[in-house]
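Now for the letters of each chain:
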Amino acid sequence: MRSNNIIDVHAPIAEAFAKGRPVVALESTIITHGMPWPRNNEMAGDVEALIRKEGAVPATIAVIDGRLKIGLSDQEREKLAQAKDPMKLSRADLAFAIAEGKSGGTTVAATMIAARMAGIAVFATGGIGGVHKGAETSFDISADLDELARTPVIVVSAGPKAILDTEKTLEVLETRGVPVIAYGTDTMPAFWSRNSPYPAPLRLDTAEAIARFQATRTALGIDGGMLIANPVPAEEEIAADVMAGHIATAQRDADEKGISGKNVTPFLLARILELTDGASLVTNIALVKNNARLAARIATALAAE
Amino acid sequence: MRSNNIIDVHAPIAEAFAKGRPVVALESTIITHGMPWPRNNEMAGDVEALIRKEGAVPATIAVIDGRLKIGLSDQEREKLAQAKDPMKLSRADLAFAIAEGKSGGTTVAATMIAARMAGIAVFATGGIGGVHKGAETSFDISADLDELARTPVIVVSAGPKAILDTEKTLEVLETRGVPVIAYGTDTMPAFWSRNSPYPAPLRLDTAEAIARFQATRTALGIDGGMLIANPVPAEEEIAADVMAGHIATAQRDADEKGISGKNVTPFLLARILELTDGASLVTNIALVKNNARLAARIATALAAE
Amino acid sequence: MRSNNIIDVHAPIAEAFAKGRPVVALESTIITHGMPWPRNNEMAGDVEALIRKEGAVPATIAVIDGRLKIGLSDQEREKLAQAKDPMKLSRADLAFAIAEGKSGGTTVAATMIAARMAGIAVFATGGIGGVHKGAETSFDISADLDELARTPVIVVSAGPKAILDTEKTLEVLETRGVPVIAYGTDTMPAFWSRNSPYPAPLRLDTAEAIARFQATRTALGIDGGMLIANPVPAEEEIAADVMAGHIATAQRDADEKGISGKNVTPFLLARILELTDGASLVTNIALVKNNARLAARIATALAAE
Ligand SMILES: [Mn+2]
Ligand SMILES: [Mn+2]
Ligand SMILES: [Mn+2]
Chain A
1 MRSNNIIDVH APIAEAFAKG RPVVALESTI ITHGMPWPRN NEMAGDVEAL
51 IRKEGAVPAT IAVIDGRLKI GLSDQEREKL AQAKDPMKLS RADLAFAIAE
101 GKSGGTTVAA TMIAARMAGI AVFATGGIGG VHKGAETSFD ISADLDELAR
151 TPVIVVSAGP KAILDTEKTL EVLETRGVPV IAYGTDTMPA FWSRNSPYPA
201 PLRLDTAEAI ARFQATRTAL GIDGGMLIAN PVPAEEEIAA DVMAGHIATA
251 QRDADEKGIS GKNVTPFLLA RILELTDGAS LVTNIALVKN NARLAARIAT
301 ALAAE
Chain B
1 MRSNNIIDVH APIAEAFAKG RPVVALESTI ITHGMPWPRN NEMAGDVEAL
51 IRKEGAVPAT IAVIDGRLKI GLSDQEREKL AQAKDPMKLS RADLAFAIAE
101 GKSGGTTVAA TMIAARMAGI AVFATGGIGG VHKGAETSFD ISADLDELAR
151 TPVIVVSAGP KAILDTEKTL EVLETRGVPV IAYGTDTMPA FWSRNSPYPA
201 PLRLDTAEAI ARFQATRTAL GIDGGMLIAN PVPAEEEIAA DVMAGHIATA
251 QRDADEKGIS GKNVTPFLLA RILELTDGAS LVTNIALVKN NARLAARIAT
301 ALAAE
Chain C
1 MRSNNIIDVH APIAEAFAKG RPVVALESTI ITHGMPWPRN NEMAGDVEAL
51 IRKEGAVPAT IAVIDGRLKI GLSDQEREKL AQAKDPMKLS RADLAFAIAE
101 GKSGGTTVAA TMIAARMAGI AVFATGGIGG VHKGAETSFD ISADLDELAR
151 TPVIVVSAGP KAILDTEKTL EVLETRGVPV IAYGTDTMPA FWSRNSPYPA
201 PLRLDTAEAI ARFQATRTAL GIDGGMLIAN PVPAEEEIAA DVMAGHIATA
251 QRDADEKGIS GKNVTPFLLA RILELTDGAS LVTNIALVKN NARLAARIAT
301 ALAAE
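Protein chains in written order, with full-length UniProt numbering: chain A, 1 to 305; chain B, 1 to 305; chain C, 1 to 305.
None of these hints come from the bench; they were simulated from the model.
Treat the numbers as computed from the prediction; the structure is a model and nothing was measured.
Among the clues, some could well be false.
One copy or two, either will do: identical chains are not told apart, so a pair holds if it fits within one copy or between any two.
Computed cross-link-like contacts, SDA-like style, restricted to lysine to any residue with a CA-CA straight-line distance of at most 25 Å [to be verified]:
(1) Lys84 / Ile6
(2) Lys133 / Pro201
(3) Lys19 / Arg203
(4) Lys133 / Ile259
(5) Lys257 / Pro199
(6) Lys133 / Gly258
(7) Lys133 / Gly221
(8) Lys53 / Leu273
With the sequences and hints as input, model every part of the structure.
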């Protein structure tokens, strides 16, 4: 077996591990499937720079030509950002892409797996996957929730993607024993919006308190990750009532056009981009950066625990 | 990290471990959320005494001022029984309460986690959480079921709480691979009643057989807990057809008043208490004692395996 | 405890382990619940012979008189094939049968557990259990899916049994992070038929590629099994549109007769046997043999990794 010949740890990350410095993992489907070239590459570079500015080391996770990358060089990031038909990798197919020599972006689930494997405790993303609207008959539920239930990584998000069924997503996370902590607020954030109709299961107000909570879970031997729901900054949010209208319109359009299965999410996101005249993407980038900043602070606090 | 500074093992329990004597864990939401002071404290003290009388050592699990308690002194039990706004702790927030220095009662899920951590193999409770009525659209399913699927503790109950959807609860337990053993009967008990319309998945008639089953699972390396469903003594049951009427009335009242989410269970239990003129609580206490007795015998049999 | 006194490894399998030769596990509910004596015994013997012919060693898994059998002698197979009221054993009751000294056939879930315990990486069956039709209200989902999510065994099947809800079964497997690989085709096979309306999540074309995929998962420390969906040979299939009619008729008959719960699957299979004038059983045997052949090749490829 070529077991120890399939993972590449980028030099600055290996150095950070050696020196006990904080590291933050980043997913890469936002690069491969989230926005077009060259905006995807610029955004990813900006987010990495922001983590460095906070004193932590960014580790973008991806699969390139069958090798699991823990951190990318600028050249690798550019290559990934221009990849033709990259895979969108989750728990089920992460190893498939590696075994078959393919390239792909890693979802929340796959990024958590890679982060844990590399010893990275904190991971920043935009929003997690969850229970899709209509899941009571479609059974369409993201593998991200299962991964949160079993893999001990702190996932810093702006909540589940707002096109999902937030209420059912919270129910599944409760059933699976996953802590959901709103950062500095009593209300679940809703990705593009600071508020949703749902109270947050738990609330913490500092990166240090989040680090202490996770350290206590580790000390008790409690498995699994936790979800931080970090509201987008007020100046960059799109108000919840405005978004509700756009989401409903996009959903109706999808139904009318008979869009189904894996095509629903990309359709909805593209339609919402049109309906908001591009503002949804601006807010998306803002919330990713906001999450990266918080993740860097949590990683720093954890390194000091 | 303050890892080994967050758990307090009460002296009689540490002594029991040292001498290889049987220990039975007890949950504490029945103290913090199940009945009012001072009845909660009296009931908890009576149940502990009953376990001692059977030759085992009771270990009530709780979190007090941020410390995980494996067994309580009389003073600690009184303090918990009078706590202001205690948390109701499950897998997701057990470590939260500890990290934040709070107090709370432990649900079935959290008690299982603490019991396993402390090396206690048997745990007595009233009824477990499960699939709520209407879960096909609400997705409201207790974290107790997931915990049974992964944590190797024998949970002695009188079945799922009868206000739940028993049939769907049995389906989920089957899907998750959790053994459900009715004690001395072919029918699933229904908490306040000895019978339900559902056949029991498995049946065993002695504490020794239950201990042997669990020891065999351990020997085979099969993960997870098992649920013992122990019917309340005949002289203290409320017949299933009588309870069915009360449960339906309480459910209808909840629907009419628009009670939803986490408020449903406490509302139903309070309404059933009124509808039965207090008999539901008498039966509840009787079944908890009955379960404690069986748990002590199973723990004794396990110690002899 | 009698821990190391409950498993019997049949001599040829112990020898294969010692020599590093490929071993293929086989389930036994097909013997105890799948067809009548003596056809069940003949079929099982034929499948074992076929695996030997491919250069691997067959290990039929079962429980006989409370002992877990890893491989059966001819006498043991005959005994099991004629057992009176054998149990149908899944994760929840495998250890129960052993502790209580009973006999039973092992389902996909229980066979996976035993295979992993014995160190067997590949297992051939007919079709796996999954999400039953109507599960959105019945919550009836096979424990096989949960087992695939946690136990690292390659299960070679002809897809989920076609009387199940294939689409929802694929959704649950995706949620739980289980790879589903169609062998040599882009379409999910449907047990008796080579095709279903659903695209396969993943495709691989050689036993070597499957072995490499699983070896990569192991190298990465990714838990759980994978499902190979191997289409029945063209000359032995029953076309999907023909089967769709029979399945619908059988389902309607079950509904009319009020067949429910655990009785549905045996009723449907018996009715389909009638409706196809026995052809469904011929195809079933053909697909089991086809899966056994592929499983032997995968085991051989894995042994060479
Ligand atoms: Mn999906
Ligand atoms: Mn709930
Ligand atoms: Mn079932």
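**OP:** Indicate which option fits the pair Lys133, Gly221 if close means a Cα-Cα distance not exceeding 25 Å: within, between, both or neither.
**Re:** Neither, since 34 Å and 33 Å both go past 25 Å.
**OP:** Using 25 Å as the alpha carbon limit, work out where Lys133 and Pro201 are close: within a copy, between copies, both or neither.
**Re:** both (21 Å within a copy, 22 Å between copies)
Original post:
How would you label the pair Lys257, Pro199 (within, between, both, or neither) given a Cα cut-off of 25 Å?
Top reply: Between. Shortest inter-copy distance 21 Å satisfies the 25 Å Cα cut-off; intra-copy 34 Å does not.
Original post:
Are the CA atoms of Lys19 and Arg203 at most 25 Å apart within a copy, between copies, both, or neither?
Top reply: neither (32 Å within a copy, 43 Å between copies)
Original post:
Is the C-alpha distance from Lys133 to Gly258 at most 25 Å within one copy, between copies, in both cases, or in neither?
Top reply: both (15 Å within a copy, 23 Å between copies)
Subject >> Copy assignment of Lys84 with Ile6, given that the CA separation must stay at most 25 Å >> reply: Within one copy only: 22 Å inside a chain, 52 Å across chains, cut-off 25 Å.
Subject >> Intra- versus inter-copy proximity for Ile259 and Lys133 (alpha-carbon distance at most 25 Å) >> reply: both (13 Å within a copy, 23 Å between copies)
Subject >> Alpha-carbon proximity context of Lys53 and Leu273, limit 25 Å >> reply: Neither: 30 Å inside a chain and 60 Å across chains, both beyond 25 Å.
Hint violations for this structure: numbers 3, 7, 8, all remaining hints satisfied.
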